[in-house]
Amino acid sequence: MRLATAANEAYTASLAVSELLGCKQCGGSRGQDEELGIRIPRPLGHGPSRFIPEKEILQVGSEDAQMHTLFTDSFAALGRLDNITLVMVFHPQYLESFLKTQHYLLQMDGPLPLHYRHYIGIMAAARHQCSYLVNLHVNDFLHVGGDPKWLNGLENAPQKLQNLGELNKVLAHRPWLITKEHIEGLLKAEEHSWSLAELVHAVVLLTHYHSLASFTFGCGISPEIHCDGGHTFRPPSVSNYCICDITNGNHSVDEMQVNSAGNVSVSDSFFEVEALMEKMKQLQECREEEEASQEEMASRFEIEKRESMFVFSSDDDEVTPARDVSRHFEDTSYGYKDFSRHGMHVPTFRVQDYCWEDHGYSLVNRLYPDVGQLIDEKFHIAYNLTYNTMAMHKDVDTSMLRRAIWNYIHCMFGIRYDDYDYGEINQLLDRSFKVYIKTVVCTPEKVTKRMYDSFWRQFKHSEKVHVNLLLIEARMQAELLYALRAITRYMT
Amino acid sequence: MEKMSRVTTALGGSVLTGRTMHCHLDAPANAISVCRDAAQVVVAGRSIFKIYAIEEEQFVEKLNLRVGRKPSLNLSCADVVWHQMDENLLATAATNGVVVTWNLGRPSRNKQDQLFTEHKRTVNKVCFHPTEAHVLLSGSQDGFMKCFDLRRKDSVSTFSGQSESVRDVQFSIRDYFTFASTFENGNVQLWDIRRPDRCERMFTAHNGPVFCCDWHPEDRGWLATGGRDKMVKVWDMATHRAKEVHCVQTIASVARVKWRPECRHHLATCSMMVDHNVYVWDVRRPFVPAAMFEEHRDVTTGIAWRHPHDPSFLLSGSKDSTLYQHLFRDASQPVERANPEGLCYGLFGDLAFAAKESLVATESGRKPYAGDRRHPIFFKRKLDPAEPFAGLASSALNVFEIEPGSGSMSWFVDTAERYALAGRPLAELCDHNAKVARELGRNQVAQTWTMLRIIYCSPGLVPTTNLNHSMGKGSSCGLPLMNSFNLKDMAPGLGSETRLDRSKGDTRSDTVLLDSSATLITNEDNEETEGSDVPTDYLLGDVEGEDDELYLLDPEHAHSEEPEYVLPQEAFPLRHEIVDTPPGPEHLQDKADSPHVSGSEADAASLVPVDSSFSLISVSHALCDSRLPPDFFSALVCDMLRFYAEQGDVQMAVSVLIVLGERVRKDIDEQTQEHWYTSYIDLLQRFCLWNVSNQVVKLSTSRAISCLNQASTTLHVNCSHCKRPMSSRGWVCDRCRRCASMCAVCHHVVKGLFVWCQGCSHGGHLQHIMKWLEGSSHCPAGCGHLCEYS
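Those sequence lines, one after another, are chains A and B. Taking UniProt numbering, the leading residue of the first sequence gets 1, the next gets one more, and so forth. Taking UniProt numbering, the leading residue of the second sequence gets 1, the next gets one more, and so forth.
If we strip away everything but chain A, and leave its shape as in the complex, we get:
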């Protein structure tokens, strides 16, 4: 078995390399390989993302020095250059921090053994039926010596990991329901109990992979070539074209169709941006003049919270999870329920009483040293990242927009900022955008290309990826806040 995976690895590594080398080499080497009777897999997707046209994404080989070091880092750490990295490199500053954190969580010193870490990653990603991440980590899990039996389902894993299932479920879909009893249950389970340090490590991993699943769906990341659904063994059609040429050809056709369809609305969407800019300017100015009454402010949060309930995609086509993914989690019916809809009343979480900077950070850093620092940095970069551009406009202060997005996500999780006027959200985020945000954050498996295309039509793809970064970090922080607060309550 050991040898088999080794061979497999070498195989995938060489694939990754040939992927990097591009078309000429592949054309050249193909002939020889065919003579040897080796089946060569061919990529199915069009580049790293299904949503973003391949040519919009940075081509490997044309990156600048900073990105190049990032790529080498990523390759050195993971042994691959995955599609997530290729999409995130739109924002190298963030990517660097992201990779550093992920590397630390998975490979550096920590309380959990390596195969546990990947298994927890699988559990978390499986909660959102994210086969992309599950596949990646199944490989990694076996690579670090995990027991293949565990992969048959959570019930085959050790009791200790099974106990984590409940926390995983609640954290992924309704984090506000986490209580200190959950924590106590994990920490006091006889011989299967978790230590506090292990638990914090696990919680960070869970939240990391929940939000990464959001990113994967939100940006339509294509499967890796060596994973299921990422390749085909069907030989390319009769002609002498390399597969790359064909897809590229197809691609441009797609593009043209999209464009011709989109042309109609170009003027519309142009106004969209203008209107948004206008609103931001207004909000900036009228701030000083008009002051909403206290009751007004309080009710605005409630309104926003309630409205977020109704924001949902109309096409509720049920995606049935692929067999192999669904076996990693139980209770498939447990999903996101709106914060305010379900019967019992859960008190609003006040950031001023428990926030990441003051409380969460200290707790994480105490129990899992250095990780608090890394995550803190990542939050900061994600929150403050800006190029002062909006679509075709330059020198725009987007802080207001970014804050609205961030707070809207926290609002969906019932987290309230005392010092924020939730009316702003309504002004700045239009309906299709809210639909997208809500879907990505709460039920990422339901994101469609149509949703991705229909919000902020004039904006660049890099800006949409930027939005995704905000979404996943805000989500991660929200989940972390609830989990860490429960741990704090358990400790006091």
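Treat the hints with care, since some could be wrong.
[What the hints assert, rightly or not] Taking lysine to any residue pairs in the SDA-like style, the calculated list, with each CA pair at most 25 Å apart, reads: (1) 751(B) - 66(A); (2) 464(A) - 64(A); (3) 180(A) - 26(B); (4) 120(B) - 66(A); (5) 100(A) - 719(B); (6) 281(A) - 464(A); (7) 281(A) - 716(B); (8) 279(A) - 117(B); (9) 666(B) - 191(A); (10) 100(A) - 117(B).
Since the hints were derived computationally from the structure, they do not count as laboratory data.
We have chain A; now place chain B onto it with these hints.
Same frame as chain A, now just chain B:
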């Protein structure tokens, strides 16, 4: 708590009396502040805003400022401050960014005076000017500080922190125009109130947010800051550059810091997370708090000294909804509980202890340790009269040495190095170890090993056809061990350099490189055990290691047997086959020049004295007849192991445990085993026997032990050109953009084993260099040096 005391202080006319007491608030407090007359305290929180009178026996609620049916967010206070000039004036900072002032002199129920809604985010701190009646300063999350004149409707001036959130603002007590502000990015700024355009001075005080600061009440230039990095620092601002004069390391992030009145070097701190106590530190003694108040059950959020000239009353509010008055006299003093004596055993039995000087002086006068002391070395710290804790800090250190020879531990080192723990059949291991013990004059131990051999290797377990054979050969010849000759032959067979590299990278436990020839074996072993991941598989792994060696003698054989090699199977029958298969003459030849795996002398391979092996045969035959199963003895063996461990010979216990493996392990509980392992490993490491200790870790079956090898497996290297550490990758330097270690043969980067000539310092991949030197004796780099490879 029970030993309540009452303190009465006369302070220029007014008299303060009180005791340690508390009262229950209705809601968690965020901040407290004391009135100028020291008779009232205000408590503010998200849903509480009350004034309490501090009476002699209790707190009495005097006023609830939270009025109105639907309390607005303006009343959700993050901070509160009472004016030190005007006892009717209060200010609060609200979480929604509003600054409110309150006038207690108003006749109506609602005492709210003014509302400033200029901040966009939560206001973290408000501060009145110490002498000016109408000046109020606020610092907010939005990165601005605003100065208000209470006679006007809006702010007088705004100070910008460059969009970095402000955590604290404090007017200097001595300098009329100066205030300090602290920031979330770790900076502290000094401002002149007249110059809002830029700050006077800025420096980085902490790593991470600075939550609080406090000016020293008497010393003009001193500012104390506390941060998320768990430090309290005292800065001297009077000099040209801010200079850190003191630093106190606490155990949790520091939320508040307040200088203690009338005590120049004392300050009180409380924490924001995890730690609920209030500490009073003497900054000159940064490791032990001078006093500690442990009453609160949740984090303390606000502290205040009751009177600016009285050092004995401290008030504190907490998230656990209580308000306390602490009396300094009732505080617990960790110093009293601290143990000023220390005692430690040295590696060779030496004993050292440190104790209070007074104690030592009397004791040594009576010479109680005369028995075994040869040279009591006596250190005495010279007392510094300026030192503040002269009485406590003077201590003496005594060292007692053991006479050379009597307590020598050389037997331990020898035994550890020479014992064979794995890699050969049980009978041989026992014989070998018995011999080692006998040579060191430890006859009882030697006898034990021999007994173990008899118990567990009785011929009844061996297939009868092999009986004579195994007895005859098994004890007199060891297994063939790989030597460098074999290695050379096998290198291509094992796969190219990438494979070697990979296995190096994967196996985290192969830090033991016994010697160059054994390297490959270790790698193989590790891969096996890691792949199967069953903790009880170590023994199987060893056996397969032997398989491997056999196969290495015969490459074709190895390939045909590959499936077997991959799958772990029942090892015990196989074990004896191994012993029997290579009895040929070339095998004996091999033995002659084989270096030993454990790195000890070659003769240790297993030349057991002939007579002992004869006696063994006879005894085991007798046992064989009576058909006693080895299980019969296991209780006895366990007792024996416990006996050795009790005697302090944990080495024996662990060695037997490893050698017998599966056979006894189940009879001894995990914890005991773990305890033995850790003690033995600790001893080995103190004798710098790193290789042995790693071997023990590797062979241990206890999970807690074997994971010792998996922590901190990173090796940091420096670039060979620029001598700087190579941070990101181990083989290419970011700074000089050069690869660190190139192979002189293939000119590629070496990422695994790098071998180099000590004469010319050229080198490269192990295999490449070996191959090269087979054909040529000159350095592959072309430097003309005649390299030697041995």
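query = Failing hints, ascending?
reply = Structure breaks hints 4, 7, 10.
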